[in-house]
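Participant: Working from the sequences, and respecting the hints, build out all of it.
There are 2 protein chains.
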Amino acid sequence: MEMKLLLTVSIILNLAFTIHVIYRNSTTWNPTWTSRAATEAEDAASVSCSGHGRAYVDGIGVLDGKEPPCECNNCYTGKDCSVFLSDCPVNANSGDPLFLEPFWMQQAEGSAALVSGWHRMSYIYQDGTYISEELVKVIRKLHSVVGNAVTDNRFVIFGTGSTQLLAAAVHALSLRNSSSSTPARLLTSVPFYNLYKDQAEFFDSSHLKFEGDAFAWKNSERNDNTKQVIEIVTSPNNPDGKPKTAVLEGPNVKTIHDYAYYWPYFSPITVPADEDLSLFSLSKTTGHAGSRFGWGLVKDKAVYEEMKRYITLSSMGVSKTTQLHVLQLLKVVVRDGGDNIFHFGHETLKKRWEALHKVFSMSTRFLLQKIKPEYCNYFKKVRDFTPSYAWVKCERPEDTNCYEIFKAAKITGRDGKVFGSEERFVRLSLIRSQDDFDHLIDMLKKLVSQKAVEAHSDTF
Amino acid sequence: MEMKLLLTVSIILNLAFTIHVIYRNSTTWNPTWTSRAATEAEDAASVSCSGHGRAYVDGIGVLDGKEPPCECNNCYTGKDCSVFLSDCPVNANSGDPLFLEPFWMQQAEGSAALVSGWHRMSYIYQDGTYISEELVKVIRKLHSVVGNAVTDNRFVIFGTGSTQLLAAAVHALSLRNSSSSTPARLLTSVPFYNLYKDQAEFFDSSHLKFEGDAFAWKNSERNDNTKQVIEIVTSPNNPDGKPKTAVLEGPNVKTIHDYAYYWPYFSPITVPADEDLSLFSLSKTTGHAGSRFGWGLVKDKAVYEEMKRYITLSSMGVSKTTQLHVLQLLKVVVRDGGDNIFHFGHETLKKRWEALHKVFSMSTRFLLQKIKPEYCNYFKKVRDFTPSYAWVKCERPEDTNCYEIFKAAKITGRDGKVFGSEERFVRLSLIRSQDDFDHLIDMLKKLVSQKAVEAHSDTF
Chain A
1 MEMKLLLTVS IILNLAFTIH VIYRNSTTWN PTWTSRAATE AEDAASVSCS GHGRAYVDGI
61 GVLDGKEPPC ECNNCYTGKD CSVFLSDCPV NANSGDPLFL EPFWMQQAEG SAALVSGWHR
121 MSYIYQDGTY ISEELVKVIR KLHSVVGNAV TDNRFVIFGT GSTQLLAAAV HALSLRNSSS
181 STPARLLTSV PFYNLYKDQA EFFDSSHLKF EGDAFAWKNS ERNDNTKQVI EIVTSPNNPD
241 GKPKTAVLEG PNVKTIHDYA YYWPYFSPIT VPADEDLSLF SLSKTTGHAG SRFGWGLVKD
301 KAVYEEMKRY ITLSSMGVSK TTQLHVLQLL KVVVRDGGDN IFHFGHETLK KRWEALHKVF
361 SMSTRFLLQK IKPEYCNYFK KVRDFTPSYA WVKCERPEDT NCYEIFKAAK ITGRDGKVFG
421 SEERFVRLSL IRSQDDFDHL IDMLKKLVSQ KAVEAHSDTF
Chain B
1 MEMKLLLTVS IILNLAFTIH VIYRNSTTWN PTWTSRAATE AEDAASVSCS GHGRAYVDGI
61 GVLDGKEPPC ECNNCYTGKD CSVFLSDCPV NANSGDPLFL EPFWMQQAEG SAALVSGWHR
121 MSYIYQDGTY ISEELVKVIR KLHSVVGNAV TDNRFVIFGT GSTQLLAAAV HALSLRNSSS
181 STPARLLTSV PFYNLYKDQA EFFDSSHLKF EGDAFAWKNS ERNDNTKQVI EIVTSPNNPD
241 GKPKTAVLEG PNVKTIHDYA YYWPYFSPIT VPADEDLSLF SLSKTTGHAG SRFGWGLVKD
301 KAVYEEMKRY ITLSSMGVSK TTQLHVLQLL KVVVRDGGDN IFHFGHETLK KRWEALHKVF
361 SMSTRFLLQK IKPEYCNYFK KVRDFTPSYA WVKCERPEDT NCYEIFKAAK ITGRDGKVFG
421 SEERFVRLSL IRSQDDFDHL IDMLKKLVSQ KAVEAHSDTF
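Going down the list, the protein sequences come from chains A and B. 1 is the number of the first residue of the first sequence in UniProt numbering; add one for each residue after it. 1 is the number of the first residue of the second sequence in UniProt numbering; add one for each residue after it.
Simulated from the structure, these hints should not be mistaken for lab results. Bear in mind that the values here come from a model prediction, so they are computed numbers and not experimental data. Don't take every hint at face value.
Any copy will do: because identical chains look the same in the list, a pair fits if it lies in one copy or spans two.
As the list claims (entries may be wrong) - Simulated pairs of lysine-lysine, DSSO-like, Cα-Cα distance not exceeding 30 Å: (1) K372 <-> K417; (2) K197 <-> K308; (3) K79 <-> K137; (4) K370 <-> K137; (5) K350 <-> K331; (6) K417 <-> K308; (7) K141 <-> K79; (8) K351 <-> K446; (9) K209 <-> K308; (10) K209 <-> K301; (11) K370 <-> K197; (12) K218 <-> K197; (13) K372 <-> K209; (14) K197 <-> K301; (15) K381 <-> K244; (16) K350 <-> K301; (17) K331 <-> K351.
Facilitator: Below you can see the structure in the form of structure tokens.
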């Protein structure tokens, strides 16, 4: 009797096992040719770097079969990035948008892209262009959900970063110079993003001359209303984060709008941009500065064609591997109307600005830029600007070089002079990694308190 | 007794199942966050396009959740690319290097790359540069196994295609112009790759002027040995596939060597290139024209720094997504010393040239370029050149426009005039897909035989 029971149990168990094995084989997806790449990516992602770094599949030593090493955040070191170098200068210089990295780590599944070895080997897509139709679609969708730009009746053009598109736009507009005898003048109002000047001067086209500040030009004698001018309007502005409008107008003025920072992280979305030529950068949209991807919205067909010719002759379009990756990233962004990423990024920057205001409120030595709150159509409320950069003015008469003051306090910013402004200003980047920001706040606290003591001792 | 046996068997079976389940769980790798991307890639790869097309993960409609559609080769159509349009003109125009696509499909596992959503978001690698150290290593290794270039004492620079590097190199050398009053002259010998001229004329730098044929310049009065000149030497040459050496020499001459085609597919590897400034293109190395990646080997530090500044100001380096993909591709190339890919590619082109010679041998109307075989250090034997392009001369006096003759026969080549040569020449691309090539041969057969009849009827 017992044996019968045992047998029954055993047979039932066997049946259960059989069902389990059959079911598992039918439902488990067995990766074939993708498994090597997937394993490598998961292995690299699982390397522990103490939360102060990360390992990448293409890290140093991987060709020799080594595990990808931790690449530590600034001021962290050790095999697993666990050692903090307290005396290390904080990097607040470049606008490396690492503040969005944690978001993408949370969205690991949705944002991964597998590139096959035979992915789009041709120079062109099937429609004969250099640009992915699906990527154009998701970009139009992105502007529509954010409400920051009108894309109707606009040509969409891609570049290797908005860097390349800037050069293309300036070139295209300079060629449309009616007076061919004198070069077109490139202008922008101070303070301005230094690349505009650097590009124009380095590429040194016979059709273009950088002339500096748009206000100065407006009031100068040389502004005779016959010379062709190109004004670049950066809004919100780099370095100071303020909304900016064109200074110059008239039939001989062409305008390029650089909207790299016109996203809910940094600025209220007040109105959809509806300009002739607008530029956007993936770097400040999703945080992928390293992917070198930007796009432009262009109204005029002739200008668009000239820009396309520029992109063709300088690089024959943008990498299709990159376009695939960008498509995947923007798919994640738009699928919930941008809710996840823009809330994440905006909350991060709001907290950072609160911390910053708290530190600077302890001192009268330094002045932060002030921008009046505005109604944001995206968040549906009045909100503060939370710019990418602190644009700091050193107020004491003797603090003539603000960059040096901060440098002496082991904070590396960017000199105001670089932006066509005065040395009394310094730009501090607030969009870097959380480690960089936390370190910045610590060093700022020291700077502010130490100087308070010094200032106090001066009175004796 | 029977029941005892049954029980024993059943228990043994239970044990076997248990071991199976435990073993399977411990050895099967369960992809987590990579599985969505991997599944999508495998799904796209498994779409059947009758061998005359392929589906890509970023194909049209995927944003709407559709299965990626077949993208058919030229002259094929239908949902699964099974319909051949026999009356369709064959595309023998661009140098789209699809002849290597089947190789990468064979190497699916090794060549796949999974890009995580947080892959290298920073502008820079950890060493502060725009270029991946591992990728530099594998490129040096590649040149060493192929023996086509010396990389010792050379700086390696990356560009968005060799297209961008060409512009960077020309710019850097033009800035090193000793006589600043006159622009440097850009020269190259006819027939030449049209981009050299197009770039120089379009970018229109005040430091540079395109002057055309290097031989003509050498014998011209304007060659006064004081003007700074830059000669581009393309070897093997585009369009005619011939080895080429510099025409000009002297202290005022700077040379750029474009070695895009110096790979065993196209040419015997006679000697490792050991020049001041050499350029290479991924497009003709692995066939990935769409990835826009090229590199340069530069001897002089000052020239390298100027080129780097050009790349920085025009695009802030090359996409890190692309660099990751390229690393994976080149890993596959070098792991067997290039045996697999170079044999595959060379065999393909050898067969194509045999087919081509066979067709053209039936006619005296058209003349193909001839290049003397040479000893190839890579294949360790004397071998023919198997260039990327047929450079065809129309021999009949009345056939003044060779491009039009072929166009009338529904073969779209590229006009000889584009290369600074005569209309009596046409370039036919031989490195496109097998479908394009097979179609080309069919149309050529028709052209050759049809014209034989016409010529015959002319005698009446």
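Participant: Checking each numbered hint in turn, tell me which of them this model violates, lowest number first.
Facilitator: Failing hints, ascending: 4, 13 and 16.
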